[in-house]
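Model the full assembly from the supplied sequences, consistent with the hints where possible.
Protein sequences, first through last, are from chains A and B.
Under my numbering, the final residue of the first sequence carries the number 175; numbering is consecutive throughout.
Under my numbering, the final residue of the second sequence carries the number 327; numbering is consecutive throughout.
For the record, the hints were derived by calculation from the structure and aren't laboratory data.
C-beta atoms are modelled at their ideal positions from N, C-alpha and C, and glycine is treated no differently.
There's no promise every hint is true.
What the hints assert, rightly or not - Listed next, with one range per pair, are the computed distances between beta-carbon atoms: (1) A:81 - B:322: 31 to 37 Å; (2) A:168 - B:327: 27 to 33 Å; (3) B:306 - A:123: 39 to 45 Å; (4) A:143 - B:315: 49 to 55 Å; (5) B:282 - A:164: 27 to 33 Å; (6) A:103 - B:324: 23 to 29 Å; (7) B:319 - A:105: 28 to 34 Å; (8) A:39 - B:280: 34 to 40 Å; (9) A:9 - B:323: 51 to 57 Å; (10) A:127 - B:324: 52 to 58 Å.
As the list claims (entries may be wrong) - Some chain A residues near chain B, calculated using beta-carbon distances under 7 Å: (11) 23; (12) 28; (13) 52; (14) 94; (15) 101; (16) 128; (17) 141; (18) 156.
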Amino acid sequence: MLDQGVFYFFAALAILSAILVVTRRNAVQSAIFLVTALLATAGIFLNLNAEFLFIVQVILYAGGIMVLFVFVIMLVNLDVALHQVQFNRQWFVALIVSAVLAAQVAAAIAVSRRTLYTVPAAPAESLEPNTERVAFYLFHNYMLPFEIASILLLVAMVGAVVMAKKRV
Amino acid sequence: MVPIGHYIFLSVALLAIGIVGIVTRRNVIIILMSIELILNAVNINLVAFSRLVGSVEGQIFAIFIITDAAAEAAVGLGIIIAFFRNRETVLADEMDILKW
Numbered sequence: 008m009l010d011q012g013v014f015y016f017f018a019a020l021a022i023l024s025a026i027l028v029v030t031r032r033n034a035v036q037s038a039i040f041l042v043t044a045l046l047a048t049a050g051i052f053l054n055l056n057a058e059f060l061f062i063v064q065v066i067l068y069a070g071g072i073m074v075l076f077v078f079v080i081m082l083v084n085l086d087v088a089l090h091q092v093q094f095n096r097q098w099f100v101a102l103i104v105s106a107v108l109a110a111q112v113a114a115a116i117a118v119s120r121r122t123l124y125t126v127p128a129a130p131a132e133s134l135e136p137n138t139e140r141v142a143f144y145l146f147h148n149y150m151l152p153f154e155i156a157s158i159l160l161l162v163a164m165v166g167a168v169v170m171a172k173k174r175v
Numbered sequence: 228m229v230p231i232g233h234y235i236f237l238s239v240a241l242l243a244i245g246i247v248g249i250v251t252r253r254n255v256i257i258i259l260m261s262i263e264l265i266l267n268a269v270n271i272n273l274v275a276f277s278r279l280v281g282s283v284e285g286q287i288f289a290i291f292i293i294t295d296a297a298a299e300a301a302v303g304l305g306i307i308i309a310f311f312r313n314r315e316t317v318l319a320d321e322m323d324i325l326k327w
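Dropping the structure here:
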């Protein structure tokens, strides 16, 4: 019962702050609400017995990536942009995209409604101890993707430095 | 555990909000933030199904997605800084050098 209350609380928090992210005029406020949304997602991860991912989400997303965002917002002078129109005139496209998405989701729910809810949830103990299991899979079954991810991070790091440099 | 459909609904809601942000906002930084929202929605789905099945592999994929998000944020923000230095704007519809 407490489990479900926690989930609905964090889900409502995530959706609310996500709406605020895309509607605020000031980019700094958007960044703050994005932090709230990411932390709410972290709470949902904890609720789902994914402790390692919870910590990764808090440290890497809410800590690292958001600091990067706030830095760039401060670097890029937004005082001028603040007084301009914040939304473009693509509401028609947005409407079509949303309608297509809603149709897809409705179709998926209609197809899977019978089977989706009959799958019994695995016992929570099957994910314990979480960090050990993640480490085992990461360094055993998913060794090659792990190495490729490290190369991707290296390339991204070099690319970011080259992009942000004064003169190439 | 909460029914799996509720997790999917949360994920779809975040995805839709992110898409609205990408399509309608003019500020490139907020478009990047919307992309982060969408990646987060995918992560919720993966972790929820990982819990349902009782296997940790969904969480592994979520870790890879977080890695991707970090790389994408670093490169994207680098591009924004470089562009702002040249054109003094962060609005997406003013980035029309390739248009004629």
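Check: Which earlier hints can't be squared with this structure?
Finding: Numbers 1, 7, 11 - these are the hints that the structure violates, sorted from lowest upward.
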